[in-house]
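So you can see what is in the structure, the chains are spelled out below.
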Amino acid sequence: MGKPIRITLKQANDMMGGLALQDFLVVSTSMFFIGIFGFLTRRNLITILMSVELILNSVNINFVAFNYFLHPEAMHGIFFAIFVIAVAAAEAAVAIAIIINIYRRFKSINIENVSEMKY
Amino acid sequence: MEIAASKVIFYIIAAAILFFALLSVTSKRILRAATYLFIVLISTAALYFLLNYQFLGAVQIALYAGGIVVMIIFSILLTSHAGQKFEPVSRLKFFASLLAVLVGWALSLWVILSHPFVASSKEAVEVNMDSIGKALLSYDRNGYVLVFEVISILLLAAMIGAIVISKKQPGDGETNPDNSKTSK
Amino acid sequence: MQMSFQFTILIPLIPLISFLIIGFLYSKMSNKLAGIWGSVSIFSSFLLSLFTAYRYFFEVGRVNGVYPKILGFDFEWLRFSDSLSAHLGTLIDPISVMMLVVVTTVSLMVHIYSIGYMKGDRGFNRFFAFLSLFSFSMLGLVLSTNIFEIYIFWELVGVSSYLLIGFYYEKNSAVAASKKAFIVTRFADLFFLIGILILSFYTKTFDFISLTDPSNIAVMQTGSITFMGLSVTTWALLLIFIGGAGKSAMFPLHIWLPDAMEGPSPVSALIHAATMVVAGVFLVARLFPIYALGSDQALQVIGYVGAFTSLFAAVIAMTQMDFKRVLAFSTISQIGYMMVGLGVSGYGNEAGLGYMASMFHLFTHAMFKALLFLCAGSVIHVVHTNFINEMGGLRKHMKITHITFLIATLAIAGFPGFSGFFSKDEIITAAYHNNKIIFYTELLVAGITAFYMFRLYFRVFWNQEASYEHKPHEVEKTMTIPLIILAFLSIAVGYIPFGNFISSDSMPLESHINWGVASASIIVSFTGIIIAWVLYKKPSNLPERIVSSIKVLYTWAYHKFYIDEVYLFVTKKIIFNLISRPIAWFDRHVVDGAMNGIAWTTSWVSESIKGLQSGQLQKYALAFVSSTIILSALLIYILLNV
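Chains R, P and S are the protein sequences, given in the same order. Numbering-wise (my numbering), the first sequence opens with residue 1 and increments by one. Numbering-wise (my numbering), the second sequence opens with residue 1 and increments by one. Numbering-wise (my numbering), the third sequence opens with residue 1 and increments by one.
Wrong hints could be hidden among the right ones.
So, partial list: chain P residues that the calculated Cβ filter (under 7 Å) puts toward chain R [what the hints assert, rightly or not]:
| hint | residue |
| --- | --- |
| 1 | V25 |
| 2 | V89 |
| 3 | L92 |
| 4 | Y139 |
Chain S regions said to be covered by chain R (calculated; three or more residues, Cβ under 8 Å) [to be verified]:
| hint | segment |
| --- | --- |
| 5 | 572-579 |
| 6 | 621-627 |
Read the hints as simulated data drawn from the structure, not as lab findings. Built from N, CA and C at the ideal position, the CB exists for glycine as well.
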């Protein structure tokens, strides 16, 4: 797969040996819901952050797959993926800063302890 | 043979992604969870390589696997004791979440599989470093210079924000000397 | 020759400005400055009033034989429609000029007196601010050009009176008295308002000049419409009279005035003796042509109410032990005299004697009654008690107060040569010509007046010397000078040929002393004085013996014939229990209950759902995710089935 080649959808499908868009989407959707499951069940703030990264990542796969299979004439999907990665990096930085601050205050990063904002 | 090979490679990668993603959200040891996440991210990069998007794959490895995961591991080391195990989640929460997720998953899959996607029949463009770099800095119809600038400002803001938030305030963490080591 | 009276607007405005300045610089001003400032401003009003009187009576003089009614200043304040607008302005005619002189004179004296009387009081500046406010309101009232304006100032004097009665607001009794005065007069004002509404509705005018013009047919035409056997005019006039009776403390609305004595003595002198309480008399006098030409019945009612009140109050005054309350009942009694004067009067010529006499009595009474109150203030200031049985023998200690009080007492008792003699005699003469019942009543009241005033005089200044905590001494100059001036006036004003200036139809009225009537009243007065001399000059047990022989009567009179108790019964037992309590119950349980119920339900619902706001992020996330999935499912379902 080394050298760049021009491809159409048909060629791509040919090249991918009959792999369809749906195959990628199934993977990304599953990954997305696994991320959500993690988000809902994890207690540790860092693992929740990891679940969020999973979710973002699954979205990236979607973008890329759409770009590849549906609109190979443009690069929007790729750029979206790049920007999502950039935003994810920013988000992770801020989130970890907040987590460390919470840890200082509550001596714990268990999300169930962080419930100051209740009624 | 190449056809079958791509397919086989894809299934291997997909299986790896899903398997390690599941492990990552269920593992009881946080460091292991981070490691599984790392594997998921690397596998995703492999998926990009499979689609012939080398640049994206490189970015994925460098930023996600190299940057974010390392940052997460650092924060884990700062806030957790090594070898600490999580208590199991409450049953109700577990099953409620599982139910919601399964329903959502089924719904999404049904939509995806039943929807006829129509591909554009136009000529595909070449995706390489050169074209990406030019598009990123161009300001014509397919240019991304504005988004590029906005993202750069966002990153700057996030950087400053992170520094300000995590800056140690006077008096913080001094009440309990046991934690002063980990909060440094 | 058209003389300008534009400057008359300044007469009420100067005290208003003074009120605003003292009020706003309340804590910045020194007491001395506030006192002097207030006195100087009322002094300028006083000078302006004298100038107005001079110019009106002597420079303008009579036009076609009568004193004209002049609009000194007129300003359209509110315009409702072409035919209906509210004006503010000043009306210059004989009675308003007379009232200007009375109000500014007494007010000036009271201001000067108060500088000494209130010295060292915490509320000194407040007192002077309120005094200025009152002067403004009262001057505005007497200068009003129309019913609308007079009603505004009518309420303003009520408010000032309320503020000044409740001046010592730390005292519960003062607070209660101020509330009582305000509520009673306000209650009467309700009728006043209805009265002026009826009157204005039928006459289509607010303006006093056109209302009181005898040739104005529209005013008199209203007499043809009747309601419950009385003409509408009579109804309107009676209702207006009720308003006047409230302010002037006529029976049965007199109950607030004795309690109003809780205010400082200068206030009693100014408001509750000389000026505000005669506002009712002034009001009737102001509308007198309508009363005289429009409704005989209304005038008769006024006459009988006045006569009864004067007798009633005089009887109570004989028994009271509180110095100022005796004077308060005496005031009620004397205002009754004025009302009698109006009630027995006709319009024009000799028949208008009562009107002239009433105004004359108003004028003289203002002087000597203010003097009496100021003397009472001095005495109370010195001996620190209100009760006359704790006083006695003060003539040796307070020479000036003693002499001036004696002069005022002689004046009010109708001693020949003093001002009260002339004015009271004319009222009695007018009654003699008009109504014999009222005449005998008033004659009797003259005797009783002489008796209770001299009882007071002998009891306080003669009799046995009481034991005082501090040795009594004469009061300071700022207080004695007004006393001397007022004493002089109490004698002098009797010699003014009053009929030349004020009469019902503005024609000159020569009044002669009817010696038959006069000698009768002199004899009655002397009898009263002699009885008082016998009983109270020296300490004796004679009064007690007399009292015990008419125990029941005395007790009744001492308790003011239980009128207060009747009011309490009516208000507390009947109105409160039968009307207010059910309404209060309704308000508390139904109105409030509904509101409380809403509040309680809200609070209950909130309490029961607040658990949703658990602060647990993941619960929120679960709810969010589930809802999103459900909504997406619904959306897909709908889209597929369109």
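Consistency of the hints with the structure:
1. V25: With a closest approach of 3 Å, the V25 of chain P hint holds.
2. V89: holds (5 Å)
3. L92: Violated, about 11 Å.
4. Y139: Where the cut-off is 7 Å and the nearest Cβ of chain R is about 14 Å from Y139 of chain P, the hint is violated.
5. 572-579: This one is violated; 0 residues, fewer than the three required, reach chain R with a Cβ under 8 Å.
6. 621-627: With 3 residues in contact (Cβ-Cβ under 8 Å with chain R), the coverage given for the segment 621-627 of chain S holds.
Hint compliance for this structure: hints 3, 4, 5 are not met, and every other hint is.
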